[in-house]
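With the hints as constraints, model all of the structure from the sequences given.
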Amino acid sequence: MLKSVKTSVLSLVLVALFACITDVKAQIVGDLNADHVVDSKDVQAFAWQWLAPYCQTLDCIANLDGVSGVNMADFALLANNWQKVEPHVVINEFMASNASQPPFDPNELLDGNGESSDWIEIYNPTDTTINLSGWYLTDNKKDLTKWQFPNGLQVEPGEFLIVFASQKTFEEYPHNYPYLDPNGHYHTNFELDKGGDYLALVADDGNTIAHQYVPEYPQQLTNISYGMAQHATTLVPTGAIASYHVPNSGDAGLGTDWTELGFDDSAWNTGSTGFGFGSEFGTDVQQQMQNVNASLWIRIEFDLGEIDPALFETMMLRMRYEDGFVAYLNGRYLTERNAPGLPLPWNSTALTDRPIEDSLVFEEINLLAYLNLLKSGINVLAIHGLNDI
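Residue numbers (our numbering): 1 to 389.
Don't read these hints as lab results, they were simulated from the structure.
Fair warning: this is a prediction, and the values are worked out from it, not measured in the lab.
Where is the CB? At the ideal position from N, CA and C, for every residue including glycine.
Possibly wrong hints are sitting among the right ones.
As the list claims (entries may be wrong) - Okay, derived cross-link-like pairs now, EDC-like style, lysine to aspartate or glutamate, Cα gap no bigger than 20 Å in a straight line: (1) 142 with 216; (2) 146 with 121; (3) 141 with 197.
What the hints assert, rightly or not - The calculated label-pair distances, taken between Cβ atoms and stated as ranges, are: (4) 361 with 84: 47 to 53 Å; (5) 113 with 198: 22 to 28 Å; (6) 272 with 115: 30 to 36 Å; (7) 126 with 270: 36 to 42 Å; (8) 207 with 157: 22 to 28 Å; (9) 278 with 133: 44 to 50 Å; (10) 205 with 234: 37 to 43 Å; (11) 222 with 67: 35 to 41 Å; (12) 307 with 216: 31 to 37 Å.
Here is the structure:
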């Protein structure tokens with residue numbers, strides 16, 4: 001519902017990422033390069049140290065049994081796991097000094113109780129769903145089983161999972177442990193130390209460290225997240241210039257043609273995202289929309305230049321919205337929230353009124369399945385914004 005109070009209609013950020021996975025411990029014997037599969041690359045690394053005299057005294061990665069240097073016994077261990085693939089997840093990012101408050105920046109958030117708890121982001125960079133049942137998070141290298149994930153918790157391919165580190169203990173919440181807040185986020189029984197500390201993700205055997213920050217992460221700054229060496233390309237930043245149009249009956253025949261890359265939007269208005277009612281937003285659309293149409297069409301062109309989209313590992317859309325939307329990339333459907341059935345008419349409305357407090361927080365939407373829609377050169381992100389009236 002669009003109201004004349006300070007309410008955001010649409011704010012968005014589109015980001016594509018590829019990660020340099022560092023500090024991830026190999027879990028498979030024979031995975032010498034820690035890429036979670038035993039293959040020819042590991043054989044090549046093994047060959048470099050084959051029968052090397054220095055491996056009798058030095059710690060060589062190919063000395064798999066830890067005795068007598070690199071020999072046939074080690075090769076047999078590698079061969080036993082040939083072509084074995086180990087699904088893995090990592091602690092992608094965390095915030096150890098969270099002071100988030102409205103209006104939120106894209107990396108700021110509150111927990112389901114409205115508190116600015118520290119948070120840890122788990123990321124699955126594989127193409128396999130990973131079950132975290134029985135896995136652990138810890139801030140103590142002498143207690144690797146400090147906090148355990150509940151049974152049945154899964155992380156889909158390319159998905160990011162937020163766990164809040166708010167020191168919710170069993171003694172405090174014996175009937176809701178591990179603590180699950182009203183928004184469906186789990187909370188650990190420890191907080192993060194902004195002065196620097198150890199942090200690890202541990203497999204369900206309680207011993208295998210899947211990912212860790214060692215010997216400790218550095219001192220943290222308030223409201224600044226810290227994480228892996230991950231390269232992000234912001235395709236559409238906050239405040240990007242967009243073309244927008246409040247559709248009318250004359251647009252009924254367009255269908256979704258307006259979402260295509262080659263569509264001529266030269267007659268449309270232009271403004272910066274986000275869109276809302278009132279001067280507090282990048283573009284005030286109250287006069288054009290109120291009592292006219294509950295739909296707003298938005299087109300944002302962005303240029304990848306000569307970047308090969310195949311280099312990206314995942315893509316995410318960060319949205320603040322009230323009440324709903326459907327998103328398209330280069331004329332193809334991406335995702336939707338609180339929208340009626342497709343295809344949408346020009347005068348569509350959202351299914352329900354979304355609470356204003358929910359619209360203040362960025363929702364991260366995993367778009368891994370749609371990476372193939374990106375292309376070198378010019379692309380267009382199109383949004384059909386929806387109000388409930």
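**Violated hints - listed by number, lowest first** = Numbers 4, 11, in rising order.
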